[in-house]
Amino acid sequence: MYLVLFFIFGGLCVAGALNLLFQRHPINSALSLIVVMSSLAVLYLLLGAEFLAAAQVIVYSGAIMVLFTFVIMLLNAGREELTHGSKAAYLIGIPGAAALFALLVYMFLSNRAPLGSAALGNYLVTTTDLSRVLFHQLLLPFEVTSVLILVAILGAVALARKEP
Amino acid sequence: MEVNVWIFLLLSLLKVIVITVLLLMCVAYTVLLERKLVGRIQNRWGPSRVGPFGLLQPMVDGLKLFLKEDLLPESVHRPLYILAPIIALTCALLSISMVPFGPDVTWHGVQLFQISDVNIGLLILLGITGIGVYGIALSGWSSNNKYSLLGALRASAQVVSYELALGLSLVGVVLRSQSLRLRDIVNVQSTHGLLSWNIFGGFQFVAFFIYLIAAYAETNRSPFDLPEAESELTAGYHTEYSSMKFAMFFMAEYANMITVGCVATLLFLGGWSSPFGNLFPPVGGVVVQSLLAIFWFVFKVFCFLFLYVWVRGTLPRLRYDQLMGFGWKYLMPLAILNIVATSLWLAFRAG
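For the protein sequence lines, the chains are A and B, in the order given. 1 is the number of the first residue of the first sequence in this note's numbering; add one for each residue after it. 1 is the number of the first residue of the second sequence in this note's numbering; add one for each residue after it.
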């Protein structure tokens, strides 16, 4: 049951990602990205991370992607033309992607022991568990991240402010 | 207790069908309620011809919308044009599945008054609302019409901005009840009746007013109905829609109103608990108690909807810059202050 759901939504995720690259119209690409985000949320849910799944839907599918579609609508971007692109991208692109893929596979395979304990769907990380870890063991990284976000907000305000 | 899979499936299906049909009926009669009340406010009768007191008016309206020609304008982006009302209505109907309507009554191990009881029900509700924005945004873009596009831009900017204030206003309540499960949030408020509701006993009235205002903006209702301001935008994002596709947007709007009312009832007004608490001894068996609980729930939601219509009939529409400024400069800081005050108070009380 869990495995079937995993394959359905994992497949949906990959299909959405491919569709995102192949679509010529920016709005279709944005919509495919929403599909990717939402199926990722389902995958989190299958791993028992319910809070993460909800946050993924609210933040990524609900807020960030709305801004993406918003900008596309405002710019009224049309169909994209297929160009030859740069030579460097052709030369480095495929070997680079292959190297990255190989590196990731190597890292995951060599760290199988600590990562292998995750299982599909037979347990649940409640919000209480999550917040206990987040605010006891990981308090410093959490606070540092919030400062980082605050800096980003201040930067956005400074950039958007009218000249005096 | 072991739950039989077939009984579970059958009962769940039954619950889904009953609640969806009831919700759609409520939507139809909320429209009638609105027309009647706004009629009274403007010193006229409102619909009164079809059936006694105009009670059959929603049925006739529905029939009319069904029978109308479904126009498809020429230069629309067709897949998205058709998808948009479906997204809007689906999200509006989905969110009711998290709402508990009554006390924890189980039959053969299946909860009777709630479709799905989830640990993070509140977050899922917010998530579904967030997805619902796409219905509006895509409808405006795909209709290839300047009025639709402007209406959709206004609507999505407004909904995204006010979603922040809305979400932050709920944090105080969550802090008090220490749970995101809607059933727990209601149970926390049910000890002393009116006095332990979050709006009174929990000192969350600031949060309630923030929620109220943000919810009006969130459902694009007046005085925040700029996305469909007739005098500037013809009809806003659904200008190009006709027949059942228009009806789907219409139903989505009213279904959202009802859901917002349900959430306000659950979070601030004590859900299905009676305002008298345990003042009177419980009468009757489980059945009478459940019916009484559902009566209180429906009554509170009705009051909320009445307020919606009352506000619509009374207040003029805001200007767009006023709307955005109000949301970002007043409501959001106020909501954050409320969170800080509530957490300080809770920490003080816990010692």
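Just so you know, these hints were derived from the structure itself, not from any lab. Every value quoted in this text rests on a predicted model; they were computed, and no experiment measured them. Possibly wrong hints are sitting among the right ones.
[As the list claims (entries may be wrong)] Simulated DEER-style distance windows between Cβ atoms: (1) Q42/B - V4/A: 56 to 64 Å; (2) L14/B - L154/A: 52 to 60 Å; (3) Y2/A - T106/B: 22 to 30 Å; (4) T128/A - V283/B: 52 to 60 Å; (5) L14/B - Y2/A: 51 to 59 Å; (6) V18/B - L150/A: 43 to 51 Å; (7) S146/A - L337/B: 15 to 23 Å; (8) L103/A - I17/B: 46 to 54 Å.
We put the beta carbon where it would ideally sit given N, CA and C, even for glycine.
Here is what the structure says about each hint:
1. Look at Q42/B against V4/A: about 57 Å separates their beta carbons, and that is inside 56 to 64 Å.
2. The beta-carbon spacing between L14/B and L154/A, approximately 54 Å, falls within the hinted interval of 52 to 60 Å.
3. Under the hint 22 to 30 Å, the C-beta atoms of Y2/A and T106/B, about 26 Å apart, fit the expected range.
4. In this structure the hint that T128/A and V283/B lie 52 to 60 Å apart at CB is violated, the actual value being about 38 Å.
5. Restraint check, L14/B to Y2/A: a C-beta distance of roughly 26 Å breaks the suggested window 51 to 59 Å.
6. A C-beta distance of roughly 48 Å is found between V18/B and L150/A, which places it inside the suggested range of 43 to 51 Å.
7. Taken as a hint, the range 15 to 23 Å holds for the pair S146/A and L337/B, whose Cβ atoms sit roughly 18 Å apart.
8. Taking 46 to 54 Å as the suggested C-beta distance range, the pair L103/A and I17/B conforms, at roughly 52 Å.
Comparing the model with each numbered hint stated earlier shows that hints 4 and 5 do not hold.
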